[in-house]
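Once you have looked at the hints, place chain G on chain R.
There are 2 protein chains.
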Amino acid sequence: ASPLVYKMAMAGPLLLDSLTLAERDERTKSEQAVTEASPMRLRMEKFIKEQQKEIVRALEEVDGTPFRIDAWQRKEGGGGITCVLQDGLVFEKAGVGVSVVYGTLPKPAILKMRANHKNIADAENVPDSLEFFAAGLSLVVHPKNPMAPTVHLNYRYFETANPDGSPGAWWFGGGSDLTPSYLFDEDAIQFHKALKEVCDAHDKDYYPRFKKWCDEYFYNKHRGESRGIGGIFFDDLDETVRDKENTFAFIQDGLKSFIPTYIPIINRRKDMPFTEKEKEWQQLRRGKYVEFNLVHDRGTAFGLNTPGARVESILMSLPLTASWQYMHEPAPKSREARLVEVLKNPKEWV
Amino acid sequence: ASPLVYKMAMAGPLLLDSLTLAERDERTKSEQAVTEASPMRLRMEKFIKEQQKEIVRALEEVDGTPFRIDAWQRKEGGGGITCVLQDGLVFEKAGVGVSVVYGTLPKPAILKMRANHKNIADAENVPDSLEFFAAGLSLVVHPKNPMAPTVHLNYRYFETANPDGSPGAWWFGGGSDLTPSYLFDEDAIQFHKALKEVCDAHDKDYYPRFKKWCDEYFYNKHRGESRGIGGIFFDDLDETVRDKENTFAFIQDGLKSFIPTYIPIINRRKDMPFTEKEKEWQQLRRGKYVEFNLVHDRGTAFGLNTPGARVESILMSLPLTASWQYMHEPAPKSREARLVEVLKNPKEWV
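Protein chains in written order, with the working numbering: chain R, 55 to 404; chain G, 55 to 404.
Everything labelled a hint here was simulated from the structure, so no lab data went into it. Take the hints with a grain of salt, since some may be wrong.
Claimed, not checked - List time: in silico DSSO-like cross-link candidates among lysine-lysine, alpha-carbon distance up to 27 angstroms: (1) G:K129 / R:K198; (2) G:K129 / R:K398; (3) R:K129 / G:K275; (4) R:K161 / G:K275.
Stated by the list, open to error - To give a feel for the contact side, a few chain G residues facing chain R, derived at Cβ under 7 angstroms: (5) V138; (6) Q140; (7) L348; (8) V365; (9) E366; (10) A376.
Quick reminder that beta carbons are idealized off the backbone N, C-alpha and C, glycines included.
Looking at chain R on its own, in the form it has when it is part of the complex (with noise of 0.2 angstroms):
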């Protein structure tokens, strides 16, 4: 055993079990480096933010502008490091965001995590409540330049404790996608063919039903058309679909592919001419941007609603302006009518 097990195994069930779970990890930390020993949650927040510091920094350098540094305490448990680069050379907004939270449970919540979850509890014997650690990084990036696409992207990993502070139940989530005002081929097939990669080294059936989940996600279902033109999204991948270490192996290779991916396609677009009305479309597209986040998001909605949630954290996702022009309509034939063709039919690209 490592030396962090044999460490807690000697603490004594006693001792720990008069600390909550952000204190056991907060204690574990302090004594000893995150390894691969180590708790997930630990290594999950390690990593996220990592990557994070990574992120910021490779699209620092594209821009030429710093981002802002927020370090924020959520004082119900855990709390975040939000990056913002708003106003830029290249980006119009660029938000990269961690947060680590410790909460606990309430039975109902419980009893509705249990639909996918089977394990969180026993039928018979539901708690009143659980302790329970959700740690994630999530990023939107829109650029100024209208044929520069807004991306987003969001890793995720949640885990129930039991009473003795082992892992109960644990899930992982996460994906990524795009959301072109103009249409380029070779950024969406790019794009889809570096995810479809990391997805295949994992699982063959990974990319194909991930691809699909994203598409039926990010559907502004009262428009009938699709946000961008997708990428990956899952959810609740659990035991039932991969032991958690090779899972943990594939959320990495994700998050660690958006840089060689997306950073080649905002370096291709950021310098190419525009119009007035190229940008006025740009706009349009913005406010369905808005539309989807804050009317069909789930993580949005899950986000407002947490008490003690840091709401501008959570909205950094919405762009720095946007626009609603009623009725409007894409001329024929328009590159803007071809994009539009492409959200309300979504494409194989790879």
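Okay, now just chain G, sitting in the frame of chain R:
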């Protein structure tokens, strides 16, 4: 009995029973002018369509730009008229819409409505479906000048039909509220005073009750602030509150007070000087208006979830442009800070 009632009695239940409520009403309208003896459905429809014309005329006169007028049908029953003035001289976007919907409530919807309206069906004898009628006028006006407030108004009537075509349950709802970016006490007082006068003429309890209801309803819970400086809001005004005739009279007075209240306010503000910074603040307030409408407004959510809904008519309430800046805070003791202070702690204006 009026000629219409006589005629309907003569037509006999057997013939009428084979028609839908919409068909019955179409027939009645084609045979006879709408009078005080007509069913409330037709009186409400006639009244809101007249008011729509008057309001459109009054706003056109202020702006100097004609509205675009779209009449539309809903294939599931009913239709409406949507009037929008976009990017005018005074108004960024002004929408005045009337909708008249005929449809069928499924049993779950009937059961839900029983919570507030016991007489919609006997507890022991809830039908599998009920025909319903809903008609309303909605308007939202977003002026260009940041010193001029956005205004919203809605008055609506809902009725279910008994199997013999006679009215079953019914209720009115509505109200009006003001959303300034810069607070002029004079405007807020005039707006509330006008609504209080309308309320007081019908029931001294209405204004305090409906003012409070408005503050509670138009509340951006996730921001901890009201959308604007309020007005009145009410729903479910049925026979447990007051009879149908008097409630309709109240609705009429409320709607008719719009022009004499808002037109002087817009005329005072539309040509005031303003800075770029003040325009930027207006755009940020617009962003919060969008948040309320897309995240919290039950009317918008209901509309977007109604099969066959005309999305462009529902979302005409959104401004032409809006903005979101991460962590924007008004300077202490500024005019912007004073507005936020009032939004966090709604005032009594009269």
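Cross-check of the supplied hints:
1. Annotation: proposed proximity of G:K129 to R:K198 is violated, straight-line Cα distance about 41 angstroms (limit 27 angstroms).
2. Among the hinted pairs, G:K129 with R:K398 is consistent with the structure: their alpha-carbon atoms are about 22 angstroms apart, no more than 27 angstroms.
3. For the hint pairing R:K129 with G:K275, the CA-to-CA distance comes to about 19 angstroms; that is within 27 angstroms, so the pair holds.
4. Pair hint R:K161 plus G:K275 holds up; C-alpha atoms about 24 angstroms apart against a cutoff of 27 angstroms.
5. A least Cβ separation of about 4 angstroms between G:V138 and chain R falls short of the 7 angstroms threshold, and the interface hint therefore holds.
6. Interface restraint check: G:Q140 against chain R, minimum CB-CB distance 5 angstroms, threshold 7 angstroms, status holds.
7. Interface hint at G:L348: satisfied, since its Cβ lies 4 angstroms from the closest Cβ of chain R, which is below the 7 angstroms cut-off.
8. The closest approach between the C-beta of G:V365 and any C-beta of chain R is roughly 5 angstroms, which is under the 7 angstroms cut-off, so the hint is satisfied.
9. Hint on G:E366 holds. Least Cβ distance to chain R is approximately 5 angstroms, under the 7 angstroms limit.
10. At its closest, the beta carbon of G:A376 sits 6 angstroms from a beta carbon of chain R; the interface hint therefore holds under the 7 angstroms criterion.
Comparing the model with each earlier hint shows a violation of hint 1 alone; every other hint is respected.
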